[in-house]
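Here is how the chains run, residue by residue.
Protein chains: 2
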Amino acid sequence: MRLSRYFLPVLKENPAEAQIVSHRYMLRAGMIKQQAAGIYSWLPLGFRVLNRIQQIVHEEQVRAGHIPLLMPTLQPADLWRESGRYDAYGPEMLRFKDRHDREMLYGPTNEEMITDIFRAHVSSYKDLPLTLYHIQWKFRDETRPRFGVMRGREFLMKDGYNFDLTKEDALHAYNRHMVSYLRTYERMGLTAIPMRADSGPIGGDDTHEFLVLASTGESEVFYDSAVTDLKLGQRDIDYDDRAQVADVCKEFTTLYARTDETHDAGLFEAIPEERRKVGRGIEVGQIFYFGTKYSESMGAVVVTADGSRVPVEMGSHGIGVSRLLGAIIEASHDDKGIIWPEGVTPFPVGIVNLKQGDAATDSACAAIYKALIDKGLEPLYDDRDERAGAKFATMDLIGLPWRITVGPRGVAAGKVELTSRRTGESEEMSAEAAVARIAEIYAAHR
Amino acid sequence: MRLSRYFLPVLKENPAEAQIVSHRYMLRAGMIKQQAAGIYSWLPLGFRVLNRIQQIVHEEQVRAGHIPLLMPTLQPADLWRESGRYDAYGPEMLRFKDRHDREMLYGPTNEEMITDIFRAHVSSYKDLPLTLYHIQWKFRDETRPRFGVMRGREFLMKDGYNFDLTKEDALHAYNRHMVSYLRTYERMGLTAIPMRADSGPIGGDDTHEFLVLASTGESEVFYDSAVTDLKLGQRDIDYDDRAQVADVCKEFTTLYARTDETHDAGLFEAIPEERRKVGRGIEVGQIFYFGTKYSESMGAVVVTADGSRVPVEMGSHGIGVSRLLGAIIEASHDDKGIIWPEGVTPFPVGIVNLKQGDAATDSACAAIYKALIDKGLEPLYDDRDERAGAKFATMDLIGLPWRITVGPRGVAAGKVELTSRRTGESEEMSAEAAVARIAEIYAAHR
Chain C
0 MRLSRYFLPV
10 LKENPAEAQI
20 VSHRYMLRAG
30 MIKQQAAGIY
40 SWLPLGFRVL
50 NRIQQIVHEE
60 QVRAGHIPLL
70 MPTLQPADLW
80 RESGRYDAYG
90 PEMLRFKDRH
100 DREMLYGPTN
110 EEMITDIFRA
120 HVSSYKDLPL
130 TLYHIQWKFR
140 DETRPRFGVM
150 RGREFLMKDG
160 YNFDLTKEDA
170 LHAYNRHMVS
180 YLRTYERMGL
190 TAIPMRADSG
200 PIGGDDTHEF
210 LVLASTGESE
220 VFYDSAVTDL
230 KLGQRDIDYD
240 DRAQVADVCK
250 EFTTLYARTD
260 ETHDAGLFEA
270 IPEERRKVGR
280 GIEVGQIFYF
290 GTKYSESMGA
300 VVVTADGSRV
310 PVEMGSHGIG
320 VSRLLGAIIE
330 ASHDDKGIIW
340 PEGVTPFPVG
350 IVNLKQGDAA
360 TDSACAAIYK
370 ALIDKGLEPL
380 YDDRDERAGA
390 KFATMDLIGL
400 PWRITVGPRG
410 VAAGKVELTS
420 RRTGESEEMS
430 AEAAVARIAE
440 IYAAHR
Chain D
0 MRLSRYFLPV
10 LKENPAEAQI
20 VSHRYMLRAG
30 MIKQQAAGIY
40 SWLPLGFRVL
50 NRIQQIVHEE
60 QVRAGHIPLL
70 MPTLQPADLW
80 RESGRYDAYG
90 PEMLRFKDRH
100 DREMLYGPTN
110 EEMITDIFRA
120 HVSSYKDLPL
130 TLYHIQWKFR
140 DETRPRFGVM
150 RGREFLMKDG
160 YNFDLTKEDA
170 LHAYNRHMVS
180 YLRTYERMGL
190 TAIPMRADSG
200 PIGGDDTHEF
210 LVLASTGESE
220 VFYDSAVTDL
230 KLGQRDIDYD
240 DRAQVADVCK
250 EFTTLYARTD
260 ETHDAGLFEA
270 IPEERRKVGR
280 GIEVGQIFYF
290 GTKYSESMGA
300 VVVTADGSRV
310 PVEMGSHGIG
320 VSRLLGAIIE
330 ASHDDKGIIW
340 PEGVTPFPVG
350 IVNLKQGDAA
360 TDSACAAIYK
370 ALIDKGLEPL
380 YDDRDERAGA
390 KFATMDLIGL
400 PWRITVGPRG
410 VAAGKVELTS
420 RRTGESEEMS
430 AEAAVARIAE
440 IYAAHR
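So the sequence lines, in the order shown, correspond to chains C and D.
Numbering that gives the first Met the number 0 numbers the first residue of the first sequence as 0 and each following residue consecutively.
Numbering that gives the first Met the number 0 numbers the first residue of the second sequence as 0 and each following residue consecutively.
Since the hints were derived computationally from the structure, they do not count as laboratory data.
One or more hints might be untrue.
What the hints assert, rightly or not - Output of the computed footprint for chain C on chain D, the stretches with three or more beta carbons under 8 Å from beta carbons of chain C: (1) 1-7; (2) 40-46; (3) 70-82; (4) 301-314; (5) 417-426.
Small disclaimer: the values here were computed from a predicted structure and weren't measured.
Backbone N, C-alpha and C fix where the C-beta goes; we use that ideal spot for every residue, glycine too.
Based on the sequences and whatever the hints tell you, model everything.
Dropping the structure here:
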């Protein structure tokens, strides 16, 4: 993408309404625009990151054997009356009547609807196990929406639901979700720690939240510092291998890590003092096992091998897709702007032309641009007639992890400069070498 | 995808509520489930096609130089008061109040919001031309939703908006949209004819609708039969070349083709009688040039080269993404089921195992499955323990354009059968040849 043809409305000033760094940088980098309290437009740069995050979530869910579908944003109130939640849910639920006076709502979550889909189409244990998920806009009418996309009202969530014959099967689904979430967050460059959680209004017997450590987090967290060293890495997971999946879960949940809701001072004190940490965390996902809560009330039953009818065992599992942008920025920025991890960056690399209009420099930039596109790595090329300083400031603010700087002197010497946004370190090399290096870096993120 | 692990709830019976073939087949093929009048869940198979269609729309918009973003589903009423449409819009607009009693609506279209984004960030003619678009769920509270996704209430639409300095520039944007739409529909296997249209409540000076001929269409259409022979094909379009783009538009709009709203009996009678056709059509898109209608009322002005301030010239351009599934099926089916064009098929090919459990046959199927996946062509493999007839019926119903049939006798002779869903013709060949043929067929659709 050539910046001269793009829509990247960066702001020079810090917007007054933004209290936390991710909100400030998302506004300044032209990623979002508020349209009403807690309701945002995703401007082109923000939309690209949102898509990258969705893509990673989809890939890891499909890898775990889960099946994507898409439920609508609006739901009939009657479904929620069946589960008893229509009255139980507070004013966070946006309710209204359609032109025929039918009661509707904007879905804050989809347990009822997915159970409705299941009961309409599945009646035999032979069709189990089954895990369905979608990524769809939700609405929760927060009293005080704030922190940009971190606590919006209209937000994008991945929510998945498992249907199993036995509790043992459902707990395997729970474990599958935990492992797939660990991989999902790692691919986004995040350390998200699974912490035992409170079941809350959704109801559940077993539940973990995934928290990203950040000083602006809404939850107080207590943990053994060794938990932040755990990495799933590139290990090969067979999601059908119950023992392997359970072992990974055990590895990631044995060390102490809890939010204030489930904190146990006694257990915490047992951690060696130098590893005992108190901090704050941003919740970016949660997994629940809740058994037959919805299947019983809504009649989602299957016929078993012996002919009996049993309600299915269920769980629901969510990732806060739009809020992840905020969480990633909170975890990865400096005083110049965002530092995108390679997995989610809107463009893999930026090209800065130091002397737009100089034939040799323009042509060197165009060649690098084309070479990157040919490798499937679309760069953002700053081809504007601007000072170098302004171009660098924009690149630093929007946070592309790599920058190729091309100037007339370098071009004469057959050199460009490759700069890491994270370390600030630059290296001179030929244009071909820079393109090859970028391709090599991103090969690990495909 | 192995069918034994998929969620494909096909129905044996014709659903009573479906009046037209696309609605009937989408329900029978397990593509959608109604959740409320005109509100659907997209089950896994339907979701795959919806994604393919979105993908094609995105690719062709980006090719035309248009920039994707994403606006929210909900909008504040105040924006619509500025344009005067809050009161002008009828009961199709879903209106409600949030918990703080602020008036909101579920967006039926986005002229106001995109104009708001533009005026907040663009103030110079140097930032023009600019065309922004999104693909987002809309809501129109139809009195009588019907025909499945063809006239739903919650529907997915691509809507794009151009901002230009002069009327001439805006008409080039109009033409760019026309050409990009022609390519979009052709890639989906559709013949969509641009027809001069009435501007309707949105207001506009120049507008065309794109209609797909189908006996179930909502509009009566009058056209010169020669118009259906026009094809854009693989010709290379430079979207910056105004003359070339205008010539394509002229080529596709010179022959008579109008809906009943703009029909001119005199002009129609001038067509040679044998080419004079009356039929019905499904509207799958519309382009509008409307000048300064919104920019004037909402203050979207830019400073020109001579320092004066002028309202920008605009247009809006839509594609009915979710309704396209219905239109494609109306245009491409037989009495056994859907016949997907290669461009939008949910899976490029199906594999039917005639003797599940037979070691040699299972292993031949697994090898074909893997070979296709390695080529990036994920097949749907019917690995269920079912009769051949039931497997064929399912494949015919869901309409994958190609089927590879693998049985023990063929495997012994080193042969599989490759069958075209469209012609019903089969050909025997080696498994390797079948995989190569499929790869060759789809190379043209990437």
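Hint check:
1. Interface restraint, the segment 1-7 of chain D with chain C: holds (3 residues with C-beta to C-beta distance below 8 Å; minimum three).
2. Proximity of the segment 40-46 of chain D to chain C, defined as three or more residues with a beta carbon under 8 Å from a beta carbon of that chain, is established by the 6 residues found.
3. Three residues within the 8 Å Cβ limit are the bar, and the segment 70-82 of chain D against chain C gives 7, so the coverage statement holds.
4. Chain C is given as covering the segment 301-314 of chain D, and this is violated because 0 residues of the stretch bring a CB closer than 8 Å to a CB of that chain, at least three being needed.
5. Counting residues of the segment 417-426 of chain D whose CB lies closer than 8 Å to any CB of chain C gives 0, which falls below the minimum of 3, so the coverage claim is violated.
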